[in-house]
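Trainee: Construct all of the structure, not just a fragment, from the sequences and the given hints.
Chains A and B are the protein sequences, given in the same order. In terms of this note's numbering, the first sequence opens at residue 347 and continues consecutively. In terms of this note's numbering, the second sequence opens at residue 16 and continues consecutively.
There may be inaccurate statements among the hints.
As the list claims (entries may be wrong) - Partial selection, computed: residues in chain A whose CB lies under 7 angstroms from chain B:
hint, residue
1, 386
2, 388
3, 390
4, 445
5, 446
6, 450
7, 451
To be verified - Between beta-carbon pairs, the in silico distance windows are:
hint, chain 1, residue 1, chain 2, residue 2, range
8, B, 31, A, 422, 45 to 55 angstroms
9, B, 45, A, 441, 20 to 30 angstroms
10, B, 78, A, 347, 16 to 26 angstroms
Unchecked claim - From chain B, some residues computed to sit far from chain A (all C-beta separations above 10 angstroms):
hint, residue
11, 22
12, 35
13, 37
14, 68
15, 77
16, 79
17, 92
18, 96
19, 100
20, 122
21, 127
Everything labelled a hint here was simulated from the structure, so no lab data went into it. Here the structure is a predicted model, which means the values were calculated and not measured. The beta-carbon is built from N, C-alpha and C at its ideal position, and this holds for glycine as well.
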Amino acid sequence: DQQVKQNSPSLSVQEGRISILNCDYTNSMFDYFLWYKKYPAEGPTFLISISSIKDKNEDGRFTVFLNKSAKHLSLHIVPSQPGDSAVYFCAASEIGTASKLTFGTGTRLQVTL
Amino acid sequence: DAGVTQSPTHLIKTRGQQVTLRCSPKSGHDTVSWYQQALGQGPQFIFQYYEEEERQRGNFPDRFSGHQFPNYSSELNVNALLLGDSALYLCASSIPPQGERGYTFGSGTRLTVV
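Mentor: Structure representation (structure tokens):
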């Protein structure tokens, strides 16, 4: 049972344009959501997060939007840069289960020149 | 400042064997979590250790066990290896109350079972 889903395995975007990565979840007990970026041969690195009490969080070029009624979140990267090319994982944690993350299957983003 | 260190980086084992993977957390971190990432999948939570005790466990069989030492380093042991145990094993360290918000992941150990 995949509780966190990333339905797009890959995405290609031109440099300077907006990248939008999507994530859906099914567990209503999730109260905190995170995005991680992963380069080959490295561990995931934390990118940005959002609490369920908010609907938007920004950090520089990265913005995460949360739509609780639709159980959907998205990561916007503006403008996209070649160094953003990586696999992006959406993850969620549940109320009362501190530090246990449930990950999606990832979306491979390629930013082209 | 050294991040999370995992060893070995790669290893190959035969079905039925046992394996031990090691993790040294980031300096100042006292909580260690282990994840399994199969090919094409996202990381799956195995268990978490804090104060030398298993605090949370994911949906993994008892063949998967662990240990945390007084210096906060940790081991993951897998007995009676199956082909399906082939995966990248990730260790993440953190410090309460940051929890998942303060996770630092290692680069992982790639286990291949033949």
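Trainee: In ascending order, which of the hints set out earlier in this document are inconsistent with the structure?
Mentor: Numbers 1 and 20, in rising order.
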